[in-house]
Amino acid sequence: MSIKVYYTSVSCSKEMKKQQQQIFDVLSSKKIKYEPVDIAQDSTVKDLMRKLVGDETALPPQIFNGDNYCGDYKAYENAIEEEALERFLKI
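Under my numbering, the first residue of the sequence shown carries the number 1, and numbering increases by one thereafter.
Bear in mind the hints are in silico, worked out from the structure with no lab data behind them. All of these numbers come straight from a predicted model, not from anything done at the bench. Among these hints, one or two may not hold up.
Straight-line alpha carbon distances no greater than 30 Å define the calculated DSBU-like cross-link-like pairs of lysine-lysine that follow [to be verified]:
1. K17 x K30
2. K90 x K4
3. K51 x K31
4. K51 x K33
5. K4 x K17
6. K46 x K90
7. K4 x K51
8. K74 x K14
9. K30 x K14
10. K4 x K14
Label pairs and their calculated CB-CB ranges [said to hold, decoys possible]:
11. D47 x E82: 25 to 35 Å
12. S29 x K90: 30 to 40 Å
13. E83 x S43: 32 to 42 Å
14. D42 x E82: 32 to 42 Å
15. E77 x P36: 13 to 23 Å
16. D42 x E81: 13 to 23 Å
17. K51 x A75: 16 to 26 Å
18. I91 x C12: 28 to 38 Å
By construction, the Cβ of each residue, glycine as well, lies at the ideal position given by its N, Cα and C atoms.
Please work from the sequences and hints to get the whole structure.
Encoded structure:
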């Protein structure tokens with residue numbers, strides 16, 4: 001299994017860009033390998049992300065371990081606060 005972070009390279013939202021970058025920075029600093037998946041490059045990737053999340057309006061960032069949904073940024077943030085990142089990521 002590998003950690004996948006669905007994100008977008010095209011966004012006007014500074015908040016979204018900040019959230020995505022924070023996830024990348026934390027995973028990198030903890031030496032957790034992950035695959036960034038850009039939904040802006042292919043609409044079928046965005047559709048897949050939303051299908052896997054179970055919400056047709058879901059926005060990035062969304063985090064998965066393989067095809068197992070871990071959560072969105074809010075769930076990620078809660079895991080960081082509770083020092084439970086590994087459990088959140090299912091690793």
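Cross-check of the supplied hints:
Under the criterion of a C-alpha separation no larger than 30 Å, the hint pairing K17 with K30 is consistent with the structure, at around 20 Å. For the hint pairing K90 with K4, the CA-to-CA distance comes to about 12 Å; that is within 30 Å, so the pair holds. Taken as a hint, the K51 and K31 pair is honoured in the structure, with Cα atoms around 29 Å apart against an allowance of 30 Å. Annotation: proposed proximity of K51 to K33 holds, straight-line Cα distance about 24 Å (limit 30 Å).
Our distance criterion of 30 Å between C-alpha atoms is met by K4 and K17, whose separation comes to about 17 Å. Annotation: proposed proximity of K46 to K90 holds, straight-line Cα distance about 23 Å (limit 30 Å). With a C-alpha separation of about 15 Å, the suggested pair K4 and K51 falls inside the 30 Å cut-off, and the hint holds. Taken as a hint, the K74 and K14 pair is honoured in the structure, with Cα atoms around 16 Å apart against an allowance of 30 Å.
Between K30 and K14, the direct Cα distance comes to roughly 24 Å. Compliance with the 30 Å bound is thereby established for this hinted pair. Of the supplied pair hints, the one linking K4 and K14 holds, its CA atoms being roughly 21 Å apart against a limit of 30 Å. For the pair D47 and E82, the supplied restraint of 25 to 35 Å holds, since their beta-carbon distance comes to about 32 Å. The hinted range of 30 to 40 Å is not satisfied by S29 and K90, whose Cβ atoms lie roughly 19 Å apart.
Distance hint for E83 and S43: a CB-CB separation of about 37 Å, consistent with the stated range 32 to 42 Å. Our hint of 32 to 42 Å for D42 and E82 holds, since their Cβ atoms are close to 34 Å apart. A C-beta distance of roughly 18 Å is found between E77 and P36, which places it inside the suggested range of 13 to 23 Å. The beta-carbon spacing between D42 and E81, approximately 33 Å, falls outside the hinted interval of 13 to 23 Å.
Checked against the hint of 16 to 26 Å, the pair K51 and A75 passes, with Cβ atoms roughly 18 Å apart. Evaluation of the 28 to 38 Å hint for I91 and C12 yields a pass: the beta carbon distance comes to about 33 Å.
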